[in-house]
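Chains as they are written, first to last, in the working numbering: chain R, 1 to 121; chain Y, 1 to 416.
Keep in mind the hints are simulated off the structure, nothing from the lab. Incorrect hints may appear among the rest.
[Unchecked claim] Heads up, simulated DSS-like pairs for lysine-lysine below, C-alpha to C-alpha not over 30 Å straight-line: (1) Y:LYS158 / R:LYS79; (2) Y:LYS158 / R:LYS60; (3) R:LYS52 / Y:LYS387.
Note that the coordinates shown come from a computational prediction; the quantities given were computed from them, not determined experimentally.
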Amino acid sequence: MSEVKKFRLTCIVCPLGCTVEVTMEGDRITGVEGFTCPRGKDYAIQEIREPKRIVMSVVKVRGGRFPTVAVKSDRPVPKELIPEIMKKLAEVEVEAPVSVGQVIVENVLGTGANIVATREV
Amino acid sequence: MRSEYDVVVIGGGPAGLAAAIKAKELGLNVLLIESREFLGGIPMQCVHPGFGIHYFKEDLTGTEFIHRIIERFRELDIEYYTNAHVLEVAPYSYRHKILRIVTEEGLFEVAAKTVIYAAGARERHMFEIGITGHRVAGIYTAGEAQTMMDIYGVMPGKEIVIVGSGDVGLIMARRFTLEGAKVKAVIELMPYPGGLTRNVVQCLEDFGIPLYLSHAVTRVEGKRRVERVIVTKVDEKLRPIPGTEESIECDTVVLAAGLVPYLKVIEKAGVEIDPVTRGPVVNSYLETSVPGIFVAGNALVINDLVDYVVEQGEEAAMGAYEFVKNGGLPALKWRKLVKGRNIRLAVPHYLADTKDVTIYARVGEPEENVRLRFPEIGKEIRLPFVKPSEMIRVKLKREEIARAKDRITMEVVRDE
Chain R
1 MSEVKKFRLT CIVCPLGCTV EVTMEGDRIT GVEGFTCPRG KDYAIQEIRE
51 PKRIVMSVVK VRGGRFPTVA VKSDRPVPKE LIPEIMKKLA EVEVEAPVSV
101 GQVIVENVLG TGANIVATRE V
Chain Y
1 MRSEYDVVVI GGGPAGLAAA IKAKELGLNV LLIESREFLG GIPMQCVHPG
51 FGIHYFKEDL TGTEFIHRII ERFRELDIEY YTNAHVLEVA PYSYRHKILR
101 IVTEEGLFEV AAKTVIYAAG ARERHMFEIG ITGHRVAGIY TAGEAQTMMD
151 IYGVMPGKEI VIVGSGDVGL IMARRFTLEG AKVKAVIELM PYPGGLTRNV
201 VQCLEDFGIP LYLSHAVTRV EGKRRVERVI VTKVDEKLRP IPGTEESIEC
251 DTVVLAAGLV PYLKVIEKAG VEIDPVTRGP VVNSYLETSV PGIFVAGNAL
301 VINDLVDYVV EQGEEAAMGA YEFVKNGGLP ALKWRKLVKG RNIRLAVPHY
351 LADTKDVTIY ARVGEPEENV RLRFPEIGKE IRLPFVKPSE MIRVKLKREE
401 IARAKDRITM EVVRDE
C-alpha cells in the first residue's frame, strides 16, 4: 500500500483563486477536488507533477529608443529553470529595431519555449 | 497644430488612446497630449501578463496590450504631442474650452469643444502613509522603480522592502526577485493581503518572500542611502503598538501604497470632486460638472483592470461625440445613483434614460452569497462573493433607468 498524501493549492489560472486539493497515492494522482473549471483541474495536476510558469523580463537593446525590450516565454516553462533562464537573459543583447513577437532566444534551455519580445523598440 | 478641435484628449495611456481612437472613428477631429516622451502610459512598463482578458479575449502582457492599441492609434493618423503638458483648461463658454499647452515647439493656446481628461493617477507617497525618518536616497514609488528597471534597465536596489500588498506590490516583489534583488519583506497594514490570492501565491509564496500583515513601516533610517526600516505591529484601529518595533536591514524602500486620481489641471477648471473616489463627479456620459469636460480611466476612479479603463475611454469619446453633435448632451433628466448598504463607491454619479450605462463600484466589506440590488428599478444580481479589492462592473439598460423617478439605489444584501 503506497502512502496517501494530500496537497492544497491555490489555483493561479484566473482571479477567482480556488483552493484545489490533490490526493496522491505514491506517484499516482487519485483525486482532485475544489476546482470550479477544467482549467483549474489541469493547473492543479500540472502544479503537482511539474510546476510551470510564464517567465518575463527585459533584455538589453543597442541603438533603440529604449535601452531595454520587454520579453516573455511564449509558453510556460518549468519553474525550477526560471533562475537559470533569467541568468541567460541577463547576457542577451539585441540590436534595434525589435518588433513585438520577434523571437529573441529560440528554444530557451531546451524547454521548447521561445523568448519573444513584448515591446517595440 | 490647428487652433480649434472637437476634442482634446489629455493623457496618452490606455484611457486616452482609446478615447482618441473612438473619437476619430466617430469623425471628430482630435488632438492628444502626452506628458511622457512616449505614448502608452503605465502598461509600457508592465512586462507581466494579465492584461486584455476581456477586451482582446487573450492574456497579454501590459506591453503587448498597449502595443495593439498604439498600432490602431497610428493607423488612424491622429494628431498628438509627446513631451507636452497641459497647463490650463479654462471653460470659456458652454461650448468652448481654452487649453494652454507647452510642447517642445513652444506654448500654444487651442480651443476645444470638448476635453477628455485621462491623465491617470498618482501614487501615494511616504508622507501620506505615516512613514517618518530620513529622506535619504533609495525610496521609490512602485511606478518609479518599475520605470527604472523595466524601461531604462537600471535596478533600483539590492535589498528591498515593499510597502503595500496590493497587486502592484506583489507583482513588483516578483519582478525584483527574478531580476536578482532580495525582497526582504512585503509590509501590509491590513490584516489581510490587498491583492488577489493568486498573486500572493505566484509572487510571494513561489519565492519565499515574507508577508507581514497588520504591520506598518513607521520609520526609514540611513545616512546617505536607506540602511534599514523600522516595522511596527498595528492594532485593530491600525495604530502602531509601542514596543513591537522590529528593524529590517535594506538599501531600498518601494512604496506600493495605492493610487489617487491625478486631477491637478481639471481641478482648477472647477470640476466637482467625489471625496470617496477622489475623482470627479460624473454623469453617464462620463461628463464632469463642467459641461464638455469628460474624464476616463484612473483619473475617474481607480480601476482593477485595464479593460475597464479602455472601456471608459471609449465611453467618454461617445459622450464627447454627442456633445459636439448636439451642442451639449441630449439628456434632460438625471437620476442620482445612491450608495446603499455595503457600497463604498460607485460611478457614474448621475444616470439618464437616454443611454445604457456601465456602473463601476466597490464594496466596503467582504461578503459571501449576496445579491446586488437596484430596488427602484427592480433589478437583482446574485454574486458568489464581493471584496473591497475587486471592482463590481454592472450594466443598466436605458429602459431600466427610465423606470426610476429621481434616484436609483445600489445596495448589497445577503442572499436569504
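- Any of the earlier hints contradicted here, and which numbers? The structure conflicts with no hint, since it agrees with every one listed earlier.
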